[in-house]
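Engineer: Can you build the whole structure from these sequences, using the hints too?
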Amino acid sequence: AQKITQTQPGMFVQEKEAVTLDCTYDTSDPSYGLFWYKQPSSGEMIFLIYQGSYDQQNATEGRYSLNFQKARKSANLVISASQLGDSAMYFCAMRGPNSGGSNYKLTFGKGTLLTVNP
Amino acid sequence: NAGVMQNPRHLVRRRGQEARLRCSPMKGHSHVYWYRQLPEEGLKFMVYLQKENIIDESGMPKERFSAEFPKEGPSILRIQQVVRGDSAAYFCASSPSLDLLVNTEAFFGQGTRLTVV
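For the protein sequence lines, the chains are A and B, in the order given. If you want the numbering used here, it's the position in the first sequence, counting the first as 1, plus 1348. If you want the numbering used here, it's the position in the second sequence, counting the first as 1, plus 1483.
What the hints contain is simulated information worked out from the structure, not anything from laboratory work. You may find that some hints are simply not true.
Said to hold, decoys possible - Calculated lysine-lysine pairs in the BS3-like style (CA-CA distance at most 25 Å, straight line):
1) B:1554 - B:1534
2) A:1458 - A:1418
3) B:1534 - B:1510
4) B:1545 - A:1351
5) A:1458 - B:1510
6) B:1510 - A:1421
Structural biologist: Here it is as structure tokens:
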């Protein structure tokens, strides 16, 4: 079964500094996708970044980058130059397994609450 | 993503009443997914529907919960005889087709927060 682990219930970072949010996953399928979502206090789920298991390079989207270490089964989110508006819950999720006919399902971690201090 | 529309945003029901949650997918999307987020938890898959078909309902509670996606109109998640434990945020996502799914984002609506009193 798919499993996502986010070991940091809460993280603090100073404004303008970088922060890394951890995510490890467990799957036996070689084909899968990894996502990060942001959930601010208003509650919506905002897509941030996607990494495919066969992608050769780490995904980047603006200030977000995904540190993908396939052998370690980790997909950490790096936020550079933190802003006050980055304070939110962050969820790591995995789609798949693609070969098992469940390539539409997302499995989520429990999330990390990031607080950016001024 | 604002393209997936859910309503209502907030819903309060007394124990024993019925709750109906609506999801209009993004234009051109024919696949709809419902997820539930209990307090302090991540989202959990409930059901996957295509137009007029339930494809996978493995995450749905066996009783009181049902979902549909008719040929016309929004997808509906229906909870009969609600109990306090049904209080949660319910999210809907949509995608254009299964073939593209593995390479695309999954767009979520803003969610419906159900409170059972």
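Engineer: If any of the earlier hints don't hold here, list their numbers in rising order.
Structural biologist: 5 and 6
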